[in-house]
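Colleague: Throw the hints in and build the complete structure from the sequences for me.
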Amino acid sequence: MSTVMTTKNVICVHCGENCTDESIAIGDKYFCCNGCKFVYELLNDHNLSSYYKIEDRPGLKVSDRFYENHFAYLDNQKIKEQLLDFTDSSLSKVTLVIPQIHCSSCIWLLENLQKLNNSIISSRVQFLKKEVAITFAHQHLSLRTLVELLASIGYEPQISLDDYEIQTKRKKGSSLIVRVAIAGFCFANIMLFSFPEYLSSDGSLSENFVQFFGYLNILLSIPVLFFSASIYFKSAYYGLRQKSINMDVPISLGISMLFLRSLYEVISSTGPGYFDSFTGLVFFLLLGKLFQQKTYESLSFDSDYKSYFPISIIKLSGKKEEIVPITELKQGDMILVRNNELIPADARLLSNHASIDYSFVTGESEPVEKTVNDKIYAGGKQSGGIIQLEVLKDVSQSYITQLWNDANFSKPDSKSLSNMANRFSKYFTISIVAIALISAFVWMLLDPSKAVFVGISVLIIACPCALALATPITLGSVQRILGRNRLFFKDSNTIEKLASVTHVVFDKTGTLTKSKESSITYTGKELSDIEIGYVRSLVHHSTHPLSVKLYEYLPHNNSASIEKFHETEGQGISGFINQTEIKIGSSLFCGNQEIPTESNNLQSRVHISIGGSYYGFYKISSQYRDGLKDLVKNLGDKLQITILSGDNRGELQALQDIFPQTTSYHFNQSPHDKLRHIKELQNMNERVLMFGDGLNDAGALKQADIGIAVTESMSSFSPASDGILAGEKFSEIFKFIRFSQRAISIILVSFLISILYNVVGLGFAVMGILSPLFAAVLMPVSSLTVVGIIIISTKIAAQRLRI
Amino acid sequence: MSIFFVLIGLSLLISGSFLVAFLWANKKGQFDDTYTPSVRILFDDIDENKKKK
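Respectively, the protein sequence lines represent chains A and B. To convert, note that position 27 of the first sequence is 44 in the numbering used here; the numbers rise steadily by one, no gaps. To convert, note that position 51 of the second sequence is 334 in the numbering used here; the numbers rise steadily by one, no gaps.
You may find that some hints are simply not true.
To be verified - Here are the computed lysine-lysine pairs in the BS3-like style, where the Cα-Cα straight-line distance is at most 30 angstroms: (1) B:Lys311 - A:Lys251; (2) A:Lys146 - B:Lys310; (3) A:Lys147 - B:Lys311; (4) A:Lys97 - B:Lys310; (5) A:Lys392 - B:Lys310.
FYI, nobody ran anything at the bench for these hints, they're computed from the structure. These figures come from a predicted structure and were not determined experimentally.
Modeller: And the structure:
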């Protein structure tokens, strides 16, 4: 026992993670790794230690896996121009998205960046958007060094050139607020001016005032009609042009009739009009829309292959290395790919060896060995040294991007597909118009002077305000509750689809298993602490995924320096510590006599040999998510389950122990296989819910009726999907499905209530006794009760399910 | 009673000015970030205390 192992739990002052021991410390402050210690020292040196006073352990574990030149592309003029908000001869301003921003300490540190580097003039954080706007003197500090500085203290900005499209989308949101504000203003004033009219129904109000208020109301409702309500007219128009009647058609019909009728009444001095109902209606409708919009503002779902790929790559022109954006890559270009970099285009290997990790594409984590002249597909990741490649196809024509752009992958716009309210609105509109015509016709026979009045009254009162609010408000509040549970949907229609799912498909790696943790067991001759230290020191030198896992698993011990480190491709690694040879790798490489049986071959085993004698092996198997068993038991009772895995059958036995007997398993599935499989299920009239994580599932996620990406870190990217679910909430899926089913029944109930209101209103309208006051009361009351019922009942439903 | 015409005009003017004020503030980005300023305002104090020590 050379080191004292403490049993006391030591927590890193910087990031709050458990420290394996107390070896890294300053005074009485302990750190889990040198990265954290470095940041602490750096901040202390620059008088920034308040960072640790505002919140306890606010820091972020700094990943030391950056390779030099990681941000080299920021020196490229074109990229720089695209990223900078503003630049002149001395100052530049840039807005960076930093997903790691999470507490007030973050804000404080990022707003005091000038203490770290005095070329930074000012920086301002927008917490909710997780953005920081930095003004800096670019003559002394390049954008690249700035970003590197941020990354070095744990705040690596997320840079993608798509960000610009997202920014333009945000602008639309503010205009909805303006619409609401104007509608609200006009509504309130018109209500005020209509009040005398309500109180003096006997006509005691002087003629002058009636006229004055009437014209004032016209004036106030004009901006509501032409500005606030214009989105409904537009939507109805586009809907009709595509030969579909959406909910906005009866709304537009109702409000335009309301306006025209009121206009006629005031101008002809026959009555006060319905301007109060008109503006109130528009105001409530817009409020509902705003509510819906607020629920999914900050998430970007439209990530495509571009978000996966590096922005730039090193191109060799002659002997000069040049950094170019990948979009400029052409067939025949020579490129250099470093350790851990993604290969952007299909290419031919020019170097002697490459070890390509295709886990991104296939889900298989073991690297594939390639030799000179082999073809390497885009999406692979190089692990090991620098390799040189010749680009065979343009980026946009690569295997992966083609897969993405495959016609199969684009599913018809879900909006036109199955929106309950819109389906309903077709019949609704037709029947309302029919009722209006029939009652007008009947009145034509009874009292021709009232026929037009009755027909228009029907259209007005039937305006499906409550009906239109029911769906967005229910789905909006369901979405908000799900969002609190860290399941985010792209749009609210997804909830309707979730409720009717019949078949659940899981990807295995990263979805059913935790991507970071794995369970490691050792079999063989016992290793002493010193020997464990040797193994750990050796695997630290390798970037092979199994080495990395083993390194993280083994206890932190006295590390020894390795001499003569050698990596035999596809075999293992070896090195000398104090003249003792350590070998880690395949069974044969370590001199194991036992001949591996087939089943052993399927598991990931790392064999150890020290000083020439074989010791044993570490078995590394992935760890299933917590609560998986309960989840699949609940799911299996109601739904059919399928597992599609890109891996081999190694884990079949383990899966069968967990999943119900009816589950079907498919292994060695390529992205196209997964896609095809989901199509087959859909052809059998199954409604498929797919869970996946990586790029290899992207096609299947899109093809499925609902594709949900499971991710460990919300703020990082995820494949294009209908929803994003936080990994830790995976076991709650069943509850989410149940909740969405409840939500659909809530919508149906509120539909019934609003139809009831409509029937009452229609009764008055058909009888020809619809007064402005009655309309002004009935319409908002119906909307408000429906909204109230919805909000309360979704809350109760959520509480009952304990989500 | 004709004083009402003036009063109503005035009331519209006043409420209208609030609407304009809101639209202006919205355009200037006053509502873009409703969280950070509430945290930011407390920071100087912490810094001040440190210097005294």
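Colleague: Take the hints in turn and mark each one as holding or not.
Modeller: Against the structure, the hints:
1. Between Lys311 of chain B and Lys251 of chain A the CA atoms are separated by roughly 28 angstroms; this keeps the pair inside 30 angstroms, and the hint holds.
2. Straight-line distance between C-alpha atoms of Lys146 of chain A and Lys310 of chain B comes to about 17 angstroms, which keeps the hinted pair within the 30 angstroms bound.
3. Taking the CA atoms of Lys147 of chain A and Lys311 of chain B, the gap is near 19 angstroms; set against the 30 angstroms cutoff, the hint holds.
4. A distance of roughly 28 angstroms separates the Cα atoms of Lys97 of chain A and Lys310 of chain B; the hinted pair therefore holds under the 30 angstroms criterion.
5. Using a Cα cut-off of 30 angstroms, the hinted pair Lys392 of chain A and Lys310 of chain B is violated, with the two alpha carbons roughly 54 angstroms apart.
Checked against the numbered hints given earlier, this structure breaks only hint 5.
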